[in-house]
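Novice: Sequences listed follow chains G and E, in order. Numbered per this note's numbering, the first sequence spans residues 1 to 273. Numbered per this note's numbering, the second sequence spans residues 274 to 368.
No lab work stands behind these hints: they were computed from the structure. Careful: at least some of the hints might be erroneous.
As the list claims (entries may be wrong) - Think about it this way: if two alpha-carbon atoms lie no more than 25 Å apart in a straight line, the pair counts; the simulated DSS-like pairs of lysine-lysine are:
# : chain 1 : residue 1 : chain 2 : residue 2
1 : G       : LYS150    : E       : LYS289
2 : G       : LYS150    : G       : LYS234
3 : G       : LYS234    : G       : LYS221
4 : E       : LYS306    : G       : LYS153
5 : E       : LYS306    : E       : LYS341
6 : G       : LYS153    : G       : LYS76
7 : G       : LYS153    : E       : LYS289
8 : E       : LYS289    : E       : LYS306
Said to hold, decoys possible - Each pair of labels, with its calculated beta carbon distance range:
#  : chain 1 : residue 1 : chain 2 : residue 2 : range
9  : E       : VAL303    : G       : GLN111    : 25 to 31 Å
10 : G       : VAL264    : E       : HIS355    : 23 to 29 Å
11 : G       : THR40     : E       : PHE345    : 20 to 26 Å
12 : E       : ARG354    : G       : GLU230    : 55 to 61 Å
In this text the structure is predicted, and so the values were computed from the model without any measurement. Positions of the beta carbon are idealized from the N, C-alpha and C atoms, including for glycine.
Residues per chain are reported as follows:
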Amino acid sequence: MVAAMATRVATKTTSPEHIDYLLRLGDSSLVLGQRLAEWTGHGPVLEEDIAMANIALDFIGQARLLLTHAGNLEGKGRNEDALAYFRDARAFRNVTLCELPNSGIAKGHGQSADYAFTVVRNLLFCAWQTQLWAALAQSADAELAAIAAKSAKETAYHLRHASDWTIRFGDGTPASHERAQAALDQLMPYTNELFATDAVEEVVAAAGIGVRGAELHAGWKSLVQAILDESALKMPVASAFQSTGKSGIHSEHMDYLLIEMQSVARQHPGAQW
Amino acid sequence: MSEKEWPLWEVFIRSKQGLDHRHAGSLHAVDAKQAVQMARDVYTRRMEGVSIWVVPSDAITASDPDDKAELFDPMADKVYRHPTFYKLPKEVEHM
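Next comes chain E alone, as it looks inside the complex (with noise of 0.2 Å):
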């Protein structure tokens, strides 16, 4: 291994059948067009995707997991904020 590392990029790949891009997993590179060529080699090798996107994972501020009670439990027991409790009219075939 090199003495100094990479940067790390934040790799992300839109299947054939999806419409959007999934984090994939991260890796380093020197900038960004070799984060892509790497990509392609690390992550589609087995025909994953037809898309690549990289980001700096630096650029990614992420909340923070200690925030996780505040944040996220309190809508645990919401479950009315879910639109299930409505009858569709049965011309609404597909939802």
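So that you can see chain G by itself, here it is in the shape it has in the complex (with noise of 0.2 Å):
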């Protein structure tokens, strides 16, 4: 059944731009779960290590759905795994945003991981995808569709672990506060990137696929606000930096993580367990 649907939806022309976007949608996800899921056994405490775990794994299984359907699309017999595991740096499509290590940016890799840097990137990254998966319910791709509807769920509890925390720690102590600023304004600029709208995305949008990233922004930006007004945070005044992820330009932290995220499949190519 899976095979017929493969060799059905191959045999029709499916653009490149169309892949690329399931990519970007797909290693942002994968990127982001593989993060979080450094938390796992270093949580602050028991309860919240298992809320992480549990958020990561939701990441990583929206991101087998989309690497899945992508490599159906692009009939090339390339699964998730392959997907996954076998590309290198300049082939994946993430933003730049979810590569970043938990430590923080102003920190080197490797660094003590820093929660509030951690929670609020989830805050930034779940708002932004509370609009996408809103807006690919709709998606002339009837997979897409019904993963976006499947993942809404889940962004929905991740926005909601994401805004408690943000609450907590901007609206919480002096030390607390200051850390939620400081990973604020390192996170906000990279975040330019999710509605700079590329060549890639008018094409998608244009088959009434995907969404043009702009589009995206105002929702966001009311969320984000909202979150960050009860959490006695300042939204960071507008940069123009423009990270480049989704176009394969990744920053310096990405083959860190690849490595560390790849080096048992590629040490055992095809094994099972």
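Using the hints, put the two standalone chains together into the complex.
Specialist: Structural data, given as structure tokens:
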């Protein structure tokens, strides 16, 4: 049944932009899932450790669906594992925001992780995903529309979790407020990429498959602003910085992340367990 | 771990089939709202429930384990308190 569907879809002409767009969404979920999974066993408290592991698994679940779909449309026999574990950084299409280390960007690789940075990143990304899934539920790509509808429920919870902690940190002690504001100041420039419409998005939007990043900005901003107001955090001044992860040009953090994520699959290709 | 422990909460979960909330375990959380959220993540991640109650652990008054003998042992030889000595009329099908 799945194989038959894959053949049927692959015989239709699928634009390279369509596949690229699916990889952007799938890779962003995968890479953020990997980052959040780094907290497993290192969470601030046991309960939160489990919560973050659940969220990480949700992201990896989204990635599985999106990458499987992209692989089917591509029709070159690449499944989710081939796409996740056997591409190099240049072929990944995730937004740069997702690959930034949990320690924050001011500190280098391998430095101690900062929960405020993790939580604020989740807030910014999940607020974007909230807008994204709502738009994609109407996608002309029926499979993508189904994935969007399924993921929307997960994202609603992720957003609630991130909002809750952002408010607790922002409106908490002077120390927690300072760290949450510092995280927000570091992260906000990387959100520009989410809303920078490029040629790929123009093509998929015209085909009714995807959505232009710019169209999601107003909804995202009011969602984030409401949480920041409740958190006593200040929206940073807009910056012109543009990261380029969705075109495959990543930050220096990406290779470290992939080395860790891909090492087992590459040492034991095709292993089953 | 933080220097000051967060308060302890008892978690009760109602499963899809069940009518009653059953004690699932306990967890630490700052307040009731967070306790519900954490209970969702800790105790319902394998589809265990459709409803959550949390109660501050210190709001529960428990019987003293040392009183077990006087409280519960006297019931051991009073089988006649179980309603098993009646003949049920046929018309009462399920009970």
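Novice: Take a quick look at whether LYS234(G) and LYS221(G) sit within 25 Å of each other, Cα to Cα.
Specialist: Measuring from Cα to Cα gives roughly 13 Å; hence the hint holds.
Novice: Taking only the CA atoms, is the gap from LYS150(G) to LYS234(G) under or equal to 25 Å?
Specialist: Violated, because 33 Å separates the two Cα atoms, which is more than 25 Å.
Novice: Starting from LYS306(E), check that the Cα of LYS341(E) is at most 25 Å away, please.
Specialist: Violated - the C-alpha atoms of LYS341(E) and LYS306(E) are around 35 Å apart, more than 25 Å.
Novice: What's the verdict on LYS153(G) and LYS289(E), does the C-alpha distance respect the 25 Å limit or exceed it?
Specialist: 19 Å, holds
Novice: Hint says 23 to 29 Å; check whether the CB-CB distance for VAL264(G) and HIS355(E) agrees.
Specialist: Violated: the Cβ-Cβ distance is about 58 Å, outside 23 to 29 Å.
Novice: Is 25 to 31 Å respected by the C-beta to C-beta distance linking VAL303(E) and GLN111(G)?
Specialist: 27 Å, holds
Novice: Could you check the hint for me, namely that THR40(G) and PHE345(E) are 20 to 26 Å apart, CB to CB?
Specialist: 43 Å, violated
Novice: Does LYS153(G) sit within 25 Å of LYS306(E), going by the straight-line distance between their CA atoms?
Specialist: Given pair LYS306(E), LYS153(G) holds - Cα atoms ~20 Å apart, limit 25 Å.
Novice: ARG354(E) and GLU230(G), beta-carbon distance inside 55 to 61 Å?
Specialist: 56 Å, holds
Novice: For the pair supplied as a hint, LYS150(G) and LYS289(E), confirm whether the alpha-carbon distance does not exceed 25 Å.
Specialist: 21 Å, holds
Novice: Is LYS289(E) within 25 Å of LYS306(E), Cα to Cα?
Specialist: Within the cut-off at roughly 22 Å; holds.
Novice: Has the given pair, LYS153(G) with LYS76(G), been kept, meaning a C-alpha gap of at most 25 Å?
Specialist: 32 Å, violated
Against the hints set out earlier in the document, violations occur for numbers 2, 5, 6, 10 and 11.
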